[in-house]
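Those protein sequence lines, which keep their order, are chains A and B.
Be aware that the first sequence starts at 1, since it is given in this note's numbering, and climbs by one per residue.
Be aware that the second sequence starts at 570, since it is given in this note's numbering, and climbs by one per residue.
FYI, nobody ran anything at the bench for these hints, they're computed from the structure.
Hints are supplied without guarantee of correctness; some may be wrong.
[As the list claims (entries may be wrong)] 27 Å max Cα-Cα, derived BS3-like pairs, lysine-lysine: (1) B:649 - A:182; (2) B:639 - A:182; (3) B:643 - A:308.
Predicted model, so just to flag it, every value in this text is computed and none were measured.
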Amino acid sequence: MRLSGAKALIKSLENEGVEVIFGIPGGAILPVYDALYGSSIRHILVRHEQCAAHAADGYARASGRVGVCMATSGPGATNLVTGIATAYMDSSPIVAITGQVARHMIGRDAFQEADIIGITTPITKYSFQIRSAEEVPRVVKEAFYLAAEGRPAPVLIDFPVDVQREEVEMDFDVKISPHLNKVVKEPHPLQVKRATEILLNAERPVILAGGGVIISNASEELRALAELLMIPVMVTLMGKGAFPENHPLYIGRIGMHGSAAANKLIMEADVILAVGTRFSDRSTGRFDTFARDATLIHVDIDAAEIGKNIRPDIPIVADAKHALKAIYEAAKELARRKDNSTWLQRVKEVKESLEKAGQHSADELSPKNLIREIRKLLPADGIVTTGVGRNQMWASLYFEVYHPRTFITSGGLGTMGFGLPAALGAKVAKPNSIVVDIDGDGSFLMTERELATSIAENIPVIAVILNDGWLGMVKYWQDLFYGRRYCATCLKRGIPDFVKLAEAYGANAARPQSLEEFSKTFKEAMSSDRTTVIDVWINPDEPVLPFAPPGKSLAETIIDLREVKKGGS
Amino acid sequence: MEVRRVKKPLHIISFIVENKPGVLFRVAWLIRRRNFNIESISVGPTENANISRMTITLYGDEPTVEQVVKQLRKLVDIIKVSRLDPDNTVIREMALVKVHVPDPAARADLDYYVRAFRGRIVDLSPDAAIVEVTGTPQKIDAFIELMRSFGIKELARTGATALPRSPKE
Ligand SMILES: Cc1ncc(C[n+]2csc(CCOP(=O)(O)OP(=O)(O)O)c2C)c(N)n1
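I would like the entire structure built from these sequences, with the hints used as guidance.
Okay, structure coming up:
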């Protein structure tokens, strides 16, 4: 079959089962857009390429499938960068397709030429520049394989415009090069045996579940193992959703703004089974204080994560699902040798005594009340995305997650503006789920234009803006560590008027004055087929607690602002 | 050049890569990104035209070297990474040293050293000579040390390359 490179690209994407592309066209990608005309693939025209990448990322996280975004050369491609970096840090599989100037112009600083491969090498697993049209089917196949296999990540395809036009005989029956397959899925049996014995003999065991458990769809296996051995479970920010938070064995999330009980109990554990986590400093606190006296079993599919930040006693390189299953099978054979009922009792007591720990204002419209209300109204499969800052931490503290892939947040990069475009991506992936962006006013403003996309493309979501009129999290640090010298953090609440702004885009909007009004608005939003923006004015002095200050151990988690000492970084 | 004094053990990492544009860039980027302090890096073709061999040497503690190896293994174009045991490895480096030899006495001295190190004088002018010497990095270090007495005008080293010895029964 004789086809142009552009047509071959679209056909290859169709062969991969791609149903949607988020993007913005331009000169150097026009042949591809022309080939898209009439394709079964839906194209969603976003209003900024950063949001194309965030939306593809949100789509990938909600569905587990590879998300696709597309942009033209030069500024289109560079606009993708923040979105690609965000996906990279949180191991989310996206394929980014960029136009490029014609081959003979590359390296001549042509109009709208950017070395996008050079720019994105540090934030992609791999990138391809298609040098001749016949490579297209293989490149697409390899790109999707690499994005999704093992530890997922963004992959970039840079496509010179003359190659898009080049017509050649196409062969779609292609195979990926064999050396690309490097993933070890099955755990080493000996390591499994050692890990199982350690777990069976543990007095105070915990399981720490990271995002890897969600990525490998291992929640069922995690739950089975925890229940079999009666091991309490905690999660990282990225692991939220790996384990149902209403389960009796659930403790909480660890980290800088983790639950007080989880931060306390992980430091008391004698054995930690950590699965699919890279031990981010935001999760562990000071590295040399984390799990110092515990026996650490670390399961990860990325061998380079093992020993990078924290050295485990038992390393297991494997897919989380396979490893959890193997440990479960091994544990079923052997009986539990150590009774851990004292530990379970201790866990229960600490959890109960610290459940309410962490101050918050008594305001009716406190973030805690609002987020609890959202949880109450939202069905169990409802999806929450977040901005970055206090809103994100409150959402992670107060929003109980019951199912994997229903809590979507920019954990690693902490990208303000992620919430709304990621919500759109999630909604496209799960049209039957209600998707709520719990956002900050500062974060929301960074990508607010995507309200246009949501209305024009009919992708209804709910955005709840916890509007404090400040770059709240930064102000909070200025409060605590910089003597309330508020340099460049006041946003002057009311600029813009989010209700008018939303209405200008054609969205529903409201500014509720009481929890009851909020509840009513939210219910209406849930049944509306139009995007709704709910602007809630909250107390600018609302604290985020618990707090393990930067550079401190999780054992130093504070739950009362009077405990804060000067310092921090 | 400064003399290295306290030395952690020398590690040799040898890896074969797809001979594609951008591979060297990715390896160089990785080394910078992860803050690895390498001693040398060399690249060259192998018996297979589609595959190149790269060799990195570094002094470092075990966890660091382990991280280098693991991070390299993750690079898509890298086919195989091996750590070579210095005791069972043939390791060679080549250096070109341009030294100051203003008179016949100096030239005679130079000749003596060069022969002792099985090197060769490959270029000679009225007051300078270029010496080529091959050997282990340690041998090259020692030779360069000796050349200092003449006054080194310019120096070029290739970086080490290595292959494991065949196992002996
Ligand atoms: C793109 C980007 N720029 C800057 C920051 C630094 N930063 C972290 S939190 C924050 C304030 C967030 O304010 P807002 O979105 O209003 O949320 P709040 O903390 O008030 O809930 C800033 C500026 C960031 N994380 N991302």
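Going through the hints against the structure:
no. : hint          : verdict
1   : B:649 - A:182 : holds (10 Å)
2   : B:639 - A:182 : holds (12 Å)
3   : B:643 - A:308 : holds (14 Å)
In summary, this structure violates none of the numbered hints.
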